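Those sequence lines, one after another, are chains Y and H.
Under the numbering used here, the first residue of the first sequence is numbered 1, with each subsequent residue one higher.
Under the numbering used here, the first residue of the second sequence is numbered 1, with each subsequent residue one higher.
It is worth saying that the hints were derived from the structure and are not from the lab.
Note that the structure is a prediction, hence the values are computed from the model and not measured.
Treat the hints with caution; some may be incorrect.
No copy labels: a pair is met if it fits in one copy or bridges any two.
[To be verified] Derived DSSO-like pairs (lysine-lysine); straight-line CA-CA distance at most 27 Å: (1) Lys62 to Lys240; (2) Lys159 to Lys134; (3) Lys228 to Lys62; (4) Lys134 to Lys145; (5) Lys115 to Lys240; (6) Lys240 to Lys134; (7) Lys268 to Lys145.
Number of protein chains: 2
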Amino acid sequence: MIKRLLLTGTAALLLMGAAPITQQGSATQASPQEVLDAAPASAWTDVQSDDLVIMTLADGSKVSYQLASAFAPVHVANIRQLVRSGYFDGASIIRVQDAYVVQWGRADDDKTEAKGINATPPAEYEFAAPGAFKALPYRDAYAEKVGHIKSWPVASDGKTNWLIHCYGMIGVARDVAPDTGSGTQLYTVIGHAPRHLDRNLAVVGRVVGGMEFLTNRPRGTEELGFYKDDSQRIRIVSTKMASDLPMAERPAYQVMDSDSQSFSAWVKARANRSGAFFVRSAGAVDICNAPAPIRLKPM
Amino acid sequence: MIKRLLLTGTAALLLMGAAPITQQGSATQASPQEVLDAAPASAWTDVQSDDLVIMTLADGSKVSYQLASAFAPVHVANIRQLVRSGYFDGASIIRVQDAYVVQWGRADDDKTEAKGINATPPAEYEFAAPGAFKALPYRDAYAEKVGHIKSWPVASDGKTNWLIHCYGMIGVARDVAPDTGSGTQLYTVIGHAPRHLDRNLAVVGRVVGGMEFLTNRPRGTEELGFYKDDSQRIRIVSTKMASDLPMAERPAYQVMDSDSQSFSAWVKARANRSGAFFVRSAGAVDICNAPAPIRLKPM
Chain Y
1 MIKRLLLTGT AALLLMGAAP ITQQGSATQA SPQEVLDAAP ASAWTDVQSD
51 DLVIMTLADG SKVSYQLASA FAPVHVANIR QLVRSGYFDG ASIIRVQDAY
101 VVQWGRADDD KTEAKGINAT PPAEYEFAAP GAFKALPYRD AYAEKVGHIK
151 SWPVASDGKT NWLIHCYGMI GVARDVAPDT GSGTQLYTVI GHAPRHLDRN
201 LAVVGRVVGG MEFLTNRPRG TEELGFYKDD SQRIRIVSTK MASDLPMAER
251 PAYQVMDSDS QSFSAWVKAR ANRSGAFFVR SAGAVDICNA PAPIRLKPM
Chain H
1 MIKRLLLTGT AALLLMGAAP ITQQGSATQA SPQEVLDAAP ASAWTDVQSD
51 DLVIMTLADG SKVSYQLASA FAPVHVANIR QLVRSGYFDG ASIIRVQDAY
101 VVQWGRADDD KTEAKGINAT PPAEYEFAAP GAFKALPYRD AYAEKVGHIK
151 SWPVASDGKT NWLIHCYGMI GVARDVAPDT GSGTQLYTVI GHAPRHLDRN
201 LAVVGRVVGG MEFLTNRPRG TEELGFYKDD SQRIRIVSTK MASDLPMAER
251 PAYQVMDSDS QSFSAWVKAR ANRSGAFFVR SAGAVDICNA PAPIRLKPM
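Please work from the sequences and hints to get the whole structure.
Listed below in structure tokens is the structure:
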């Protein structure tokens, strides 16, 4: 049982599950989990119900995702319209490529019309900061500066900013450059952050619940993880905006405010792991290993 | 179909599948796939059969992994002994934690004895370089220098070196520090590289085939992704050293030699994507987005 308990330790620190608190850990510095547990309610921001999408799959599992309305407003408006018009109801997970992406929408041979959207939105790959930039004090291979704006992972070259393709982030599949996608096919990252996609596709959201019901699917056997035929595709039975559900049925997600003191302490704790398990602390953390903590609002 | 083809492009570049070659791509610079296709046989190194383990799961799927014998020889000797003594035959996948690790071996309540191993191996978390260090010319959040030694991802602080917890790398589960694990429970990374584990656990290998048969499993419902009970665990029916199989049955994997010109060209192409799909090239690549290409030896 010891081995299980102690492996529990490291994993909990990464995924924000319950971490066993050790004498040594308490004696040195707070663990990321201890920081979360001590954070005041004011450090958590509610995910707005009009930015929250609940997708129900054929096996009854539910995947919830938050739209990045402050960063890609035209694409987000398209996605809200597609959801409300029922475009995704009866669509499918059409592609699962290991270490890369899960993609859903209408397969290319499905001629369902997307009604009422902007078919050729602006790229929205880069933007002027819509809020304070909370930079990480660590190096990044791809950008001069990385950090968070309104609790979203952002990179910057000092002139422009862009959302980062971290695990669980959602982007809009598109045709050949320079046109962007309309939002009829979406993908989420299921491997090491494919940062080469940054600024090449519109990043429009992130999975906030049920990610494991996208990642546990059989990988597609066709080129690039597309499923061979419709019988292999996992059907999406319904997709709803949380704001269109009765109050009692709306999941209440909260994201830690990246401008809060608690968030700064949490990032520091992620970069400097302590406790009995750790022989060495890294002293740094990669932007995609510091995703803003997300939780269901305590009752 | 266009959307499928063009998304194919980006994914192929990441995972080394077949990439559609565009006029523009050809006109500018070789894509990573073009570099691989053009690489001479001399750029590829055979995975030694005594470093290659083939694990067969209850559903008939096979996962192959390469042992890092040049970096963690005592742990690797333990793993070979555990494989040859049948320790893993009838063991299970005991833990699948989304975005983190898949772990296999004997569950903690299984008292099967591990015979003939070094029960307390040295940590082997760091080492003097056993070969030339081919550094990446890009920044890294965690280390002064990252690159490859003998086609393995390595970080260095100028004094010591260590293997990096990239996607698909295999480590040895252990109890509380400072003792290391014996090799009776192994894990592989299935999310964004958890670099905070570097130098805290012994990294002993990497998955070279069948990774998708580990990642497509239901996530465990207990704390940290452990399965609740044995009925949920995926059984390992057999684990064999390739060197103990008849020649005809040995999978012939090859890894691109990180000291080859082809590898340097491939890393450059990964950092500077071209072709019709890309609006912008990142101009850099993270160490865990530049894993040495692996293939089955052409017949």
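Outcome of the hint check:
no. : hint             : verdict
1   : Lys62 to Lys240  : within (11 Å within a copy, 39 Å between copies)
2   : Lys159 to Lys134 : within (16 Å within a copy, 33 Å between copies)
3   : Lys228 to Lys62  : both (24 Å within a copy, 21 Å between copies)
4   : Lys134 to Lys145 : both (10 Å within a copy, 26 Å between copies)
5   : Lys115 to Lys240 : within (16 Å within a copy, 56 Å between copies)
6   : Lys240 to Lys134 : neither (32 Å within a copy, 50 Å between copies)
7   : Lys268 to Lys145 : both (17 Å within a copy, 22 Å between copies)
Checked against the numbered hints listed earlier, the structure breaks hint 6 alone; every other hint is satisfied.
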